[in-house]
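I would like the entire structure built from these sequences, with the hints used as guidance.
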Amino acid sequence: MTVIELEAYRRVVRARRLGDIAPAVADILHVLVESGGALHRREVAQRLAERRGIFSREGREAVEAEVFGAFDRYMQFAAGKRQAPLMHLPFGPGSYRWAVTEAGRRLLAQAGERRAARS
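First residue of the sequence shown? That's 5 in the numbering used here, and the numbers climb one at a time after it.
Think of the hints as simulated: they come from the structure by calculation, not from any bench.
Keep in mind that the hints are not guaranteed to be accurate.
Pairs of lysine to any residue, SDA-like flavour, derived with a Cα cap of 20 angstroms [unchecked claim]:
id, residue 1, residue 2
1, Lys-85, Ala-26
2, Lys-85, Arg-110
3, Lys-85, Ala-107
4, Lys-85, Pro-97
DEER-style ranges, computed between Cβ atoms [stated by the list, open to error]:
id, residue 1, residue 2, range
5, Arg-118, Arg-61, 16 to 26 angstroms
6, Ala-121, Glu-38, 13 to 23 angstroms
7, Gly-41, Gln-87, 17 to 27 angstroms
Note that beta-carbon positions come from the ideal geometry of N, C-alpha and C, so glycine has one too.
In structure tokens, the structure reads:
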């Protein structure tokens with residue numbers, strides 16, 4: 005009999021739907037690129053909270069939970085795909101430093117070009 009941890013299973017199933025995490029992933033990518041490409045995960049969450057005008061402790065903790073969860077779900081999603089991931093852990097599994105990949109930079113550049121073309 006196989007034993008499955010229900011919450012871990014649900015995270016994997018949810019990670020297969022990129023549409024659910026795309027806005028938060030885009031926010032993370034923007035912060036990473038604006039910051040030179042890599043940051044500690046807490047710094048990413050703090051900068052996003054400031055961008056959103058959230059300064060209370062409870063609000064910042066909520067943003068942290070959202071951002072950490074979105075990153076984890078994206079990494080699970082990306083692990084099952086053939087294309088290059090948009091972000092990675094430059095110091096390996098278990099590290100709290102996040103970095104944008106070249107694929108992530110290209111995606112943001114293409115999005116910026118499309119916006120400029122529409123203007």
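Do the hints match the structure? See the list:
no. : hint                                 : result
1   : Lys-85 - Ala-26                      : holds, 15 angstroms
2   : Lys-85 - Arg-110                     : holds, 18 angstroms
3   : Lys-85 - Ala-107                     : holds, 13 angstroms
4   : Lys-85 - Pro-97                      : holds, 18 angstroms
5   : Arg-118 - Arg-61: 16 to 26 angstroms : violated, 38 angstroms
6   : Ala-121 - Glu-38: 13 to 23 angstroms : holds, 22 angstroms
7   : Gly-41 - Gln-87: 17 to 27 angstroms  : holds, 19 angstroms
Taken one by one, the earlier hints fail for this structure only at number 5.
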